[in-house]
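Novice: Line by line, the protein sequences are chains H and V. First residue of the first sequence: 0, per numbering that gives the first Met the number 0; consecutive thereafter. First residue of the second sequence: 0, per numbering that gives the first Met the number 0; consecutive thereafter.
FYI, nobody ran anything at the bench for these hints, they're computed from the structure. Please note: incorrect hints may appear among the correct ones.
[To be verified] Below are the SDA-like pairs computed for lysine to any residue, each with C-alpha atoms no more than 20 Å apart in a straight line:
1) 23(V) <-> 16(H)
2) 32(H) <-> 22(V)
3) 29(V) <-> 46(H)
4) 29(V) <-> 58(H)
5) 61(H) <-> 29(V)
6) 39(H) <-> 17(V)
7) 23(V) <-> 14(H)
8) 61(H) <-> 27(V)
9) 60(H) <-> 17(H)
10) 23(V) <-> 128(H)
11) 33(V) <-> 13(H)
12) 10(H) <-> 36(V)
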Amino acid sequence: MVPVNVDKVSKACNGDNNAFSDLIQERKADIYKMAYTYMKNQEDALDVVHDVVYKALISMKKLKNPEFYNTWLTRITVNCCINNIKKRKKLARFKEEQGYAEELEQISDCSQDNGDLISSTDLFNAIDKLNVEQRTVVVLKYYQDLTLTQIADILVCPLSTVKTRLNKALSLLRMELKAGYNESLSR
Amino acid sequence: MKACQDDFDNIEVPSIQLDMMVSKAINEGKRHLKIRRRVSMSASVALLGICILSNGPGVCKYTLCRLGF
Chain H
0 MVPVNVDKVS KACNGDNNAF SDLIQERKAD IYKMAYTYMK NQEDALDVVH DVVYKALISM
60 KKLKNPEFYN TWLTRITVNC CINNIKKRKK LARFKEEQGY AEELEQISDC SQDNGDLISS
120 TDLFNAIDKL NVEQRTVVVL KYYQDLTLTQ IADILVCPLS TVKTRLNKAL SLLRMELKAG
180 YNESLSR
Chain V
0 MKACQDDFDN IEVPSIQLDM MVSKAINEGK RHLKIRRRVS MSASVALLGI CILSNGPGVC
60 KYTLCRLGF
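Build out the structure end to end from the sequences listed, making use of the hints.
Specialist: Here's what the structure looks like:
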């Protein structure tokens, strides 16, 4: 993650739009990737990016401590993703519509071998089956590489809750992947 | 969980669309802030006007004189 430029954040808080643009340019790829892990398609991920930038610009003055800019922006991103998922109720439809073909194509483009490809797709699908809260913790922990304390700050919940969600998510993922593995063996 | 990080890094970013979306959002945000500022200014002016007028013609005349009208 890009380190926070406190001066620039302070300028943006005081209404400097150029400073705000620079800050967003630094983090836009991160925001998009995070949105994509939730939404699983480009259009919706871009919509989330739009919402995040818009909300961040409007509420920039509400950011009291510039040091927490990254946490604040991540929180906005997570909230926008969750709101979009709730609003459009696409969560169930994504699994059918997106299919595995696109993911397989994308992963194979990265020249991975077949074994990696299958495990990666399985993991992606297994994460999809988690509920939004558990998925958020997994995404922030393993995709964004944040600490549990940072995740607790972002989600505004106690550290113990984050730990519980992560443990539940991991045990569900283990079960899901085990089931998938057994299924592939029996074929 | 290394696969997670790899998946995340391998997500393709559509730079052109992303830039367009970001600039669109920034423009919309600026417009929103401008409208918000105008509305709050208008509301303040309207409130001041109502206060002056509701105090009767004497106070109104006095205030207008003080303001240089």
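Novice: Determine for every hint whether it applies to the structure shown.
Specialist: Right, here's what the structure says about each hint:
1. 23(V) <-> 16(H): holds, 13 Å
2. 32(H) <-> 22(V): holds, 18 Å
3. 29(V) <-> 46(H): Measuring from Cα to Cα gives roughly 18 Å; hence the hint holds.
4. 29(V) <-> 58(H): holds, 12 Å
5. 61(H) <-> 29(V): OK: residue 61(H) and residue 29(V) at ~16 Å, within 20 Å.
6. 39(H) <-> 17(V): holds, 16 Å
7. 23(V) <-> 14(H): holds, 18 Å
8. 61(H) <-> 27(V): Given that 20 Å is the threshold and the Cα spacing comes to 18 Å, the pair holds.
9. 60(H) <-> 17(H): At roughly 15 Å apart (the allowed maximum being 20 Å), residue 17(H) and residue 60(H) satisfy the hint.
10. 23(V) <-> 128(H): violated, 33 Å
11. 33(V) <-> 13(H): Status holds; Cα separation ~15 Å.
12. 10(H) <-> 36(V): Roughly 19 Å separates the two Cα atoms, so the pair holds.
Going through the hint list in order, the structure does not satisfy hint 10, though it satisfies all others.
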